[in-house]
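Those protein sequence lines, which keep their order, are chains A and B.
Under the numbering used here, read the first sequence as residues 2 to 112, first letter to last.
Under the numbering used here, read the second sequence as residues 58 to 170, first letter to last.
Worth flagging that the hints you see were computed from the coordinates, not collected in a lab.
Honestly, I wouldn't trust all of these hints.
[Claimed, not checked] Below, computed lysine-lysine pairings styled on DSS-like, alpha-carbon distance capped at 30 Å: (1) A:K57 x A:K43; (2) B:K64 x B:K122; (3) B:K64 x A:K43; (4) A:K68 x A:K99; (5) A:K99 x A:K57; (6) A:K99 x A:K43; (7) A:K99 x B:K122; (8) A:K57 x A:K68; (9) B:K122 x A:K43; (10) B:K64 x A:K99.
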Amino acid sequence: QKEVEQNSGPLSVPEGAIASLNCTYSDRVSQSFFWYRQYSGKSPELIMSIYSNGDKEDGRFTAQLNKASQYVSLLIRDSQPSDSATYLCAVKTGGNEKLTFGTGTRLTIIP
Amino acid sequence: SAVISQKPSRDICQRGTSLTIQCQVDSQVTMMFWYRQQPGQSLTLIATANQGSEATYESGFVIDKFPISRPNLTFSTLTVSNMSPEDSSIYLCSVVGGNQPQHFGDGTRLSIL
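Extracted from the complex, chain A is given alone in its bound form (with noise of 0.2 Å):
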């Protein structure tokens, strides 16, 4: 079984709405939660991290935490043909920094 799973998509969204990203994980020790966005030939680059339950936003993303459901989503309101890129979904178990990656979704943006 999969320790991080996301929809690998592609994921298409009109410009201007809102893009849902989803993202399960099965240890339910995790801690804390993070989202990378990786644009094509390009390495990853960290856009939002949440460590409680509940909403976090930064600008235009909203990441969303759900430990109980061991479920954790990222929104991106007004979503802009720049947003187009595949999202990383990644999870830290533990203290020793290591993290998780899920298969990553894959969204485009269609102007």
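Once you've looked at the hints, dock chain B against the given chain A.
Here is chain B on its own, set in the frame of chain A:
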């Protein structure tokens, strides 16, 4: 956050040869990691680079194939040994430090002929 410089940015190598990738950080960091990203795949952790001691390897990765050094808190190298076409990947260095979450260098794009 710390600035990470990774060299080379890309290379094309002959099978059976070895390549050493360097990762230099502009400030001392707590943790350094090496990942592999095969074409169309997500990131797989190869090992944690430990300062002054042997790296800690993940399942499926061995020191003979991927020797790693970390002589100080700002520098690490990963060597890909006896390369085969299956080693064609992006190799990424990442760091944790200064209360910042893990972030990545630009990566090394490696192709084996």
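Each hint tested on the structure:
Only pairs whose Cα atoms come within 30 Å are accepted, and A:K57 paired with A:K43 is accepted, the gap being roughly 26 Å. Between the alpha carbons of B:K64 and B:K122 the distance comes to roughly 19 Å, so the proposed pair stays at or under 30 Å and holds. Between B:K64 and A:K43 the alpha-carbon distance is near 15 Å, which keeps this suggested pair within the 30 Å criterion. Between the alpha carbons of A:K68 and A:K99 the distance comes to roughly 19 Å, so the proposed pair stays at or under 30 Å and holds.
At roughly 22 Å between alpha-carbon atoms, A:K99 and A:K57 fall within 30 Å of each other, so this suggested pair holds. As the CA atoms of A:K99 and A:K43 are separated by approximately 21 Å, the hinted pair is consistent with the 30 Å bound. Straight-line distance between C-alpha atoms of A:K99 and B:K122 comes to about 21 Å, which keeps the hinted pair within the 30 Å bound. Restraint check: the Cα-Cα separation between A:K57 and A:K68 comes to about 14 Å, which is no more than 30 Å; the hinted pair holds.
Proximity of B:K122 to A:K43 is assessed by CA-CA distance (about 25 Å); at most 30 Å being required, the pair is judged to hold. Proposed proximity of B:K64 and A:K99 is supported: the alpha carbons are some 23 Å apart, at most 30 Å.
The structure fails none of the hints (numbered hints given earlier).
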